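Work the whole structure out from these sequences, hints included.
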Amino acid sequence: MYGVESIVHPDYQGRGVGSKLMDARFAVLKDLNLRGMVAGSAIVDYHTAAPLPVSRYVQEVVAGVRFDTNLSKQLRKGFKVHNIIADFLPGDETTLGWGVTIVWYNPDYRPATSNNLHVVHARSFDFDLRPAAAPHAG
Amino acid sequence: MSGNQDSDPNKQKHIIVVPLSPRYAAGVEALERFVYQDDPETDDAMLSAAKVLSHYTVFSEGQFVALDAETDTVIGYTSCMRMDFNPAVPFCEPWTTTTDYG
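Top to bottom, those sequences are chains Y and B.
Per our numbering, the first sequence starts with residue 49, numbered consecutively.
Per our numbering, the second sequence starts with residue 673, numbered consecutively.
Calculated directly from the structure, the hints in this document are not laboratory data.
For clarity, every value in this text was computed on a predicted model and none was experimentally measured.
We put the beta carbon where it would ideally sit given N, CA and C, even for glycine.
Among the clues, some could well be false.
[Claimed, not checked] Pairs of lysine to any residue, SDA-like flavour, derived with a Cα cap of 20 Å:
hint, chain 1, residue 1, chain 2, residue 2
1, Y, K68, B, I687
2, Y, K68, B, P691
3, Y, K68, B, D744
4, Y, K128, B, F757
5, Y, K68, B, E733
6, Y, K68, B, A741
7, Y, K78, B, D756
8, Y, K78, B, V690
9, Y, K68, B, M753
10, Y, K78, B, E733
11, Y, K68, B, F757
12, Y, K78, B, V730
13, Y, K68, B, I688
14, Y, K68, B, E742
15, Y, K128, B, M755
16, Y, K78, B, M755
17, Y, K68, B, D740
18, Y, K78, B, F731
19, Y, K78, B, F757
20, Y, K68, B, H686
21, Y, K78, Y, K125
22, Y, K68, B, L739
23, Y, K68, B, V690
24, Y, K125, Y, T96
25, Y, K78, B, V689
26, Y, K121, B, V689
27, Y, K68, B, D756
28, Y, K68, B, V707
29, Y, K68, B, G699
30, Y, K78, B, M753
31, Y, K128, B, R754
32, Y, K68, B, S693
33, Y, K78, B, S732
34, Y, K125, B, S720
35, Y, K78, B, H686
[Claimed, not checked] Far from chain B, some chain Y residues (derived; all Cβ distances over 12 Å):
hint, residue
36, L100
37, R114
38, L123
39, G126
40, R158
See the structure below:
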């Protein structure tokens, strides 16, 4: 899977909502027995460190020496940095355009074999009930 | 991310994460507009309600919303798609090309 979008209303940030949304992704990924997840991560605090080379910045965030509001939280969720992306967000003043490819590897992934049973767990649903059909006249 | 400065415990909000259903697509667009302070009609990188529904059609399992349970308002959203990514062979094209802008 790859992460297309993940956003939280500013009034609700800092409460673990983003983390819960990520957990939902992980649950689906495991249910479907996918190898993992890849995403582009915006290094939103890089502008505070420039002109430090972006590679050095990312290394320091990974090492825990430096904190990035976005990338550090993703690393805590188990993502690994794969490569740096130039022109990830062109013209963006916080990232100075730079991003990072991050990958999360499913620890429960089982390569497909003829004996594998694919189990999909039941999940909560949100749907509108249709009115019950009227009984036939006697 | 900024923290919520409201210290009134009476205003603790109940937030739930549920799979996306089509009725929340407009709420997701409204959230996108507010967070990015822009218009998805003019910014291809943003998600309109139509794009949200398109994602839902393609891969419903990978779409989730966070709701303020008291108001049934969309306050968070995440979207995923399936792709074939081989870490041994990293992307050789721009990210936006690979992901087709989401």
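Here is what the structure says about each hint:
Distance restraint check for K68(Y) and I687(B): the Cα-Cα separation of roughly 10 Å lies within the 20 Å cut-off, and the hinted pair is therefore satisfied. Pair hint K68(Y) plus P691(B) holds up; C-alpha atoms about 12 Å apart against a cutoff of 20 Å. As the CA atoms of K68(Y) and D744(B) are separated by approximately 17 Å, the hinted pair is consistent with the 20 Å bound. Taking the CA atoms of K128(Y) and F757(B), the gap is about 14 Å. The hint holds against a cut of 20 Å.
Among the hinted pairs, K68(Y) with E733(B) is consistent with the structure: their alpha-carbon atoms are about 16 Å apart, no more than 20 Å. Using a Cα cut-off of 20 Å, the hinted pair K68(Y) and A741(B) holds, with the two alpha carbons roughly 15 Å apart. Taking the CA atoms of K78(Y) and D756(B), the gap is near 16 Å; set against the 20 Å cutoff, the hint holds. For a cut-off of 20 Å, the pair hint linking K78(Y) to V690(B) stands: about 17 Å separates their Cα positions.
With a C-alpha separation of about 18 Å, the suggested pair K68(Y) and M753(B) falls inside the 20 Å cut-off, and the hint holds. Our distance criterion of 20 Å between C-alpha atoms is met by K78(Y) and E733(B), whose separation comes to about 12 Å. For the suggested pair K68(Y) and F757(B), the alpha carbons sit about 24 Å apart, so the restraint of at most 20 Å is broken. For the hint pairing K78(Y) with V730(B), the CA-to-CA distance comes to about 19 Å; that is within 20 Å, so the pair holds.
Proximity of K68(Y) to I688(B) is assessed by CA-CA distance (about 9 Å); at most 20 Å being required, the pair is judged to hold. Between the alpha carbons of K68(Y) and E742(B) the distance comes to roughly 18 Å, so the proposed pair stays at or under 20 Å and holds. Proposed proximity of K128(Y) and M755(B) is supported: the alpha carbons are some 18 Å apart, at most 20 Å. Of the pairs offered as hints, the one joining K78(Y) and M755(B) holds, with about 15 Å between alpha carbons and a cut-off of 20 Å not exceeded.
With a C-alpha separation of about 14 Å, the suggested pair K68(Y) and D740(B) falls inside the 20 Å cut-off, and the hint holds. For the given pair, K78(Y) sits about 15 Å from F731(B) by alpha-carbon distance, which is consistent with the 20 Å threshold. Annotation: proposed proximity of K78(Y) to F757(B) holds, straight-line Cα distance about 16 Å (limit 20 Å). In summary, the hint linking K68(Y) to H686(B) is supported, as the alpha carbons are separated by about 13 Å, within the 20 Å threshold.
In summary, the hint linking K78(Y) to K125(Y) is supported, as the alpha carbons are separated by about 15 Å, within the 20 Å threshold. For the suggested pair K68(Y) and L739(B), the alpha carbons sit about 12 Å apart, so the restraint of at most 20 Å is met. Between K68(Y) and V690(B), the direct Cα distance comes to roughly 10 Å. Compliance with the 20 Å bound is thereby established for this hinted pair. At roughly 24 Å between alpha-carbon atoms, K125(Y) and T96(Y) are farther apart than 20 Å, so this suggested pair is violated.
Straight-line distance between C-alpha atoms of K78(Y) and V689(B) comes to about 17 Å, which keeps the hinted pair within the 20 Å bound. For the hint linking K121(Y) to V689(B), the alpha-carbon distance of about 19 Å falls within 20 Å, and the restraint holds. Restraint check for K68(Y) and D756(B): the C-alpha separation of about 25 Å exceeds 20 Å, so the hint is violated. With a C-alpha separation of about 19 Å, the suggested pairing of K68(Y) with V707(B) holds against the 20 Å cut-off.
Only pairs whose Cα atoms come within 20 Å are accepted, and K68(Y) paired with G699(B) is accepted, the gap being roughly 19 Å. Pair hint K78(Y) plus M753(B) holds up; C-alpha atoms about 14 Å apart against a cutoff of 20 Å. Restraint check for K128(Y) and R754(B): satisfied, since their Cα atoms lie roughly 19 Å apart, inside the 20 Å limit. With a C-alpha separation of about 18 Å, the suggested pairing of K68(Y) with S693(B) holds against the 20 Å cut-off.
Proposed proximity of K78(Y) and S732(B) is supported: the alpha carbons are some 15 Å apart, at most 20 Å. Annotation: proposed proximity of K125(Y) to S720(B) is violated, straight-line Cα distance about 28 Å (limit 20 Å). Our distance criterion of 20 Å between C-alpha atoms is broken by K78(Y) and H686(B), whose separation comes to about 27 Å. With 12 Å as the threshold on Cβ separation, the claim that L100(Y) sits away from chain B holds: the shortest Cβ distance comes to roughly 22 Å.
Residue-level check passed: R114(Y) sits 17 Å from the nearest beta carbon of chain B, beyond 12 Å. At the 12 Å boundary, the C-beta of L123(Y) stays outside the reach of chain B, the nearest C-beta of that chain being 15 Å off. Once the 12 Å rule is applied to beta carbons, G126(Y) is consistent with being away from chain B; the minimum gap is 15 Å. Distance to chain B confirms R158(Y) as a non-interface residue, since its nearest Cβ pair spans about 17 Å, more than 12 Å.
In summary, the structure is inconsistent with hints 11, 24, 27, 34 and 35 from the numbered list given earlier, while agreeing with the others.
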